[in-house]
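Q: Sequence:
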Amino acid sequence: QQAAGFLRIKDGQHILDSTAVHPETYAVVERMAASLAVPVATLAANAELIHSLDLHTFVDEHVGVLTLQDIREELLKPGRDPRAQFVMPQFRDDVTSLEHLQEGMILEGMVSNVTNFGAFVDIGVHQDGLVHISELSQRYVRDPRDVVQVGQVVKVRVLSVDVALQRISLSMKSLRPAAEGPPTETVPVRDTARRDTAAPARRRRRRVAPPAPRPQVTAPEPEAEAEPEPAMDMAEKLRALQARFQGAGRS
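In the UniProt record's numbering, the protein residues as written are 1 to 251.
Just so you know, not all the hints are guaranteed correct.
Below, computed lysine to any residue pairings styled on SDA-like, alpha-carbon distance capped at 20 Å [said to hold, decoys possible]: (1) 77 with 48; (2) 173 with 101; (3) 10 with 24; (4) 77 with 42; (5) 173 with 138; (6) 77 with 47; (7) 155 with 96; (8) 10 with 80.
FYI, nobody ran anything at the bench for these hints, they're computed from the structure.
The structure presented is a predicted model; accordingly, all values stated were derived computationally and were not measured.
Construct the entire structure; sequences and hints are all you get.
A: Take a look at the structure:
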């Protein structure tokens with residue numbers, strides 16, 4: 001009862017020992033076979049009988065629909081491996097440590113982590129190397145997750161190695177096929193030709209209507225100056241003063 005679901009026993013005492021069906025659910029399979037009036041061995045070998053089962057009729061407080069679905073899949077394909085196919089990179093036998101790395105080496109590795117600034121790749125030297133986001137592709141990359149995923153096998157080129165700091169800089173440029181992976185955004189290139197042809201039009205002066213002629217204002221003619229009175233001689237001045245004093249005395 002402590003056995004995991006993936007443990008299988010060949011030539012066991014029970015026919016289900018060679019399958020991934022857990023011993024605790026053997027009774028459920030026996031109930032399925034009994035509902036069809038056939039032995040368990042006949043049920044396990046007949047896909048038509050398995051598909052005819054109504055799983056909801058076997059649900060109880062110990063077994064749910066999901067468990068029943070797993071049992072049905074195992075009966076249909078006994079011995080199947082539920083794990084996805086795992087592809088291992090081909091590490092070089094002569095490159096097992098940082099000291100063996102040289103700039104320009106082309107190596108195969110597996111993406112171990114993806115961040116916003118790039119991806120870390122395991123190349124078999126017990127220290128993951130970094131492929132910066134700018135080195136992931138020849139094209140512009142907005143998000144590294146659009147180019148690589150964890151577990152993906154990739155080819156990289158060694159850019160630099162710092163043994164003291166345990167740092168490895170890698171690049172995937174020119175090593176990634178153009179058709180591989182989802183398309184990434186490209187940086188828009190400005191249309192310089194269009195800009196150059198449009199420039200003269202902007203430099204042209206806008207033609208405007210000539211201003212209306214201003215009305216001419218004539219300056220007023222200067223008034224004629226009064227003719228200056230003739231200068232008085234000394235005798236006339238004395239007579240004028242005497243007349244002024246005499247008038248003042250009468251008042």
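Q: Honestly, which of those hints from before does the structure not fit?
A: The structure conflicts with no hint, since it agrees with every one listed earlier.
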